[in-house]
Amino acid sequence: MDLHPSNPDSLDVGLGATVPADPSEPPALDEAVLRQLTQLGDVAGEDLVGKLAVLFLEDADLHLSVMREAVATSDVVALSRSAHTLSGSSANLGATELARLCGVYGSLTGPDLPEDVDGFLPAVECELERVRTALATRTTV
Amino acid sequence: MRILAVDDDRTSLLITQSALRRLGHDCVIATDGAEAWHAYRSYAPDVVVSDWTMPGLSGLQLCRDIRSADSGTYTYFILVTGRGDVEDIFAGMNAGADDYLVKPMHFDDLRTRLIAAKRVTQLHLELAVQRTEMVELNDRLNTMTMRDPLTGLGNRRALEADLNVLEARVARYGHSYCVALIDVDCFKSFNDTYGHQAGDRALQAVAAQLRDQARTGDAVYRYGGDEFLCLFPEQSIASARIAVERIRGGVEHLGMAHVANPLGILTVSAGLARMDPAVVRPPTAVLKEADEALYRAKELGRNCISDLTTSVV
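Chains as they are written, first to last, in the working numbering: chain P, 9 to 149; chain F, 127 to 439.
Keep in mind that the hints were calculated from the coordinates and are not lab data. Nothing false has been slipped in among the hints.
Sample of chain P residues facing chain F (criterion: CB under 10 Å; computed from the structure): (1) Val41; (2) Gln44; (3) Leu45; (4) Gln47; (5) Leu48; (6) Gly49; (7) Ala52; (8) His92; (9) Thr93; (10) Ser95; (11) Ser98; (12) Ala107; (13) Gly114; (14) Ser115.
Restraint-style ranges between C-beta atoms, simulated for each label pair: (15) P:Gln47 - F:Val212: 31 to 39 Å; (16) P:Ala52 - F:Ala160: 23 to 31 Å; (17) P:Ala144 - F:Glu213: 33 to 41 Å; (18) P:Ser73 - F:Thr238: 33 to 41 Å.
To list a few chain F residues with every Cβ distance to chain P over 10 Å, as calculated: (19) Thr271; (20) Ser315; (21) Tyr320; (22) Asp326; (23) Glu353; (24) Ala404; (25) Asp417.
Predicted model only: the values in this text are computed from it and were never measured. By construction, the Cβ of each residue, glycine as well, lies at the ideal position given by its N, Cα and C atoms.
So that you can see chain P by itself, here it is in the shape it has in the complex:
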C-alpha cells in the first residue's frame, strides 16, 4: 500500500472528478494518492479524505492570506514558511501541481522577494481553486 505511488501507470484517472478539463493540464489531485487515503480511512471506518479536505482548505486559505500579507510587506521569511508548509500538505494530499508551485517559494533564502513574485500568488490561487473544485466533487466539502 503506497499513499504516493511514483509510477504514473498506477494512476487511476477513471473518476471524472480529477480528470482535467484540458487534457494537456495535469490533474489537480493525484487520484492514486486519493485512493490510498480513502483506503486508509476505510480501514479506520472514517471519511479520512473528507476530514483532510476540510483541514487542508482551511489551512490553505490561511496560508494564502499570510503569503499575500508577506508579499505586501516583503517578508520573505513568512512567505517562504507558509509556502513551504502549504507545499508539504499539498504533496501529502496529492495536490501535486500546487505542491510544486509552493515548493519553489518554500525554500527562499534571499533577503528580497523573487522577481516573478507578481505571478506567484495568482498561480497559487488558481491552482488552489482547481484543488478545491476537485475536492468538492470528490467529497461533500
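With chain P's structure known, arrange chain F on it following the hints.
For chain F alone, kept in the frame of chain P given last:
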C-alpha cells in the same frame, strides 16, 4: 510501538497519524516542537516522527533535546523533511536522528522505517535490561567479595577498603578512630573438643554478637580464623571500650560450653588501639598496637579487654 508524530501542518499530521494507526501503532500527536517536547516527556514514545520545519522548536532542535535527555530508554527519531535537501538530512543525522523521510510521505517508506525502528528500539531495550542485570550482578559479586561467607561480616578486603577511607579522613579532616581486635579464647581447643562444625557455629554466634552490639557507624569484620575486628570512627579508647565490653559480655552471656577454657564457657578477649590525629600513623601501626594489646589481654587471663594505655577492666 508508541509513536509521537509531530507536524505543524494539520493535513500532513492527520495522514501520518492515520497511517501509523493503520500499521497498528499507538500514536499521539503534537503540532509544534514545544508541544512535542512535553509529549515526549509525558508519553515516553518508542519513536518520534517529526517534521523538520516548525515554528519555535524545530525538528532538528527537538532531536537534539531528546538525545540530550537521559530518559533511560532509547527513542528512535525519524526526521521528515519537505525539501529532501541532502545538507538538511546530514544535519539531522548528525543531530542524532536515526532516519529521515521526505514529503510527500510514502506509506511503504514509513512502514519500512518503522520495521528498522522496532528492531533498533528492541535492541536498545535488551541492552538496557542486560546493563541492569550486569549492574546487579556486579553489586552481588562486589558484596560476595567483601563478605565473609561463614559469618556474613565484612572480610579483610572490606576492612582494607574501609581503612583506606578512614585513613583519607584522618589525613584530610584530622579524624580519629579506634580499632578492637577480638579473639575467641582457646578456640583451637574448642575445635579439638567439639569439632570444626561446632567451631563454625561458635564463630557465627560470636559474629552475631558483634553485629548485634555494634552501634550505627561502627563496623565489624572477620579478620581471619577466630579473630574479629571492630572499627570505631571518632571514638576514644574509653567509648570504644564500652562497645567492646558489650560484645565481650554478650559472648560470655551466651554460656556456650567450652570445657577447655578455664572459665568453662566460650569467651573472647580484645585488644584496643586508637589512631590519634595528633600523631598520624598508618593503619598497619594501629592494628599492630591492637594486636599487642590483645596479646596482653590473653596474658592477663582472657575474657577481658586491654589497651596499651590503660589498666585492665
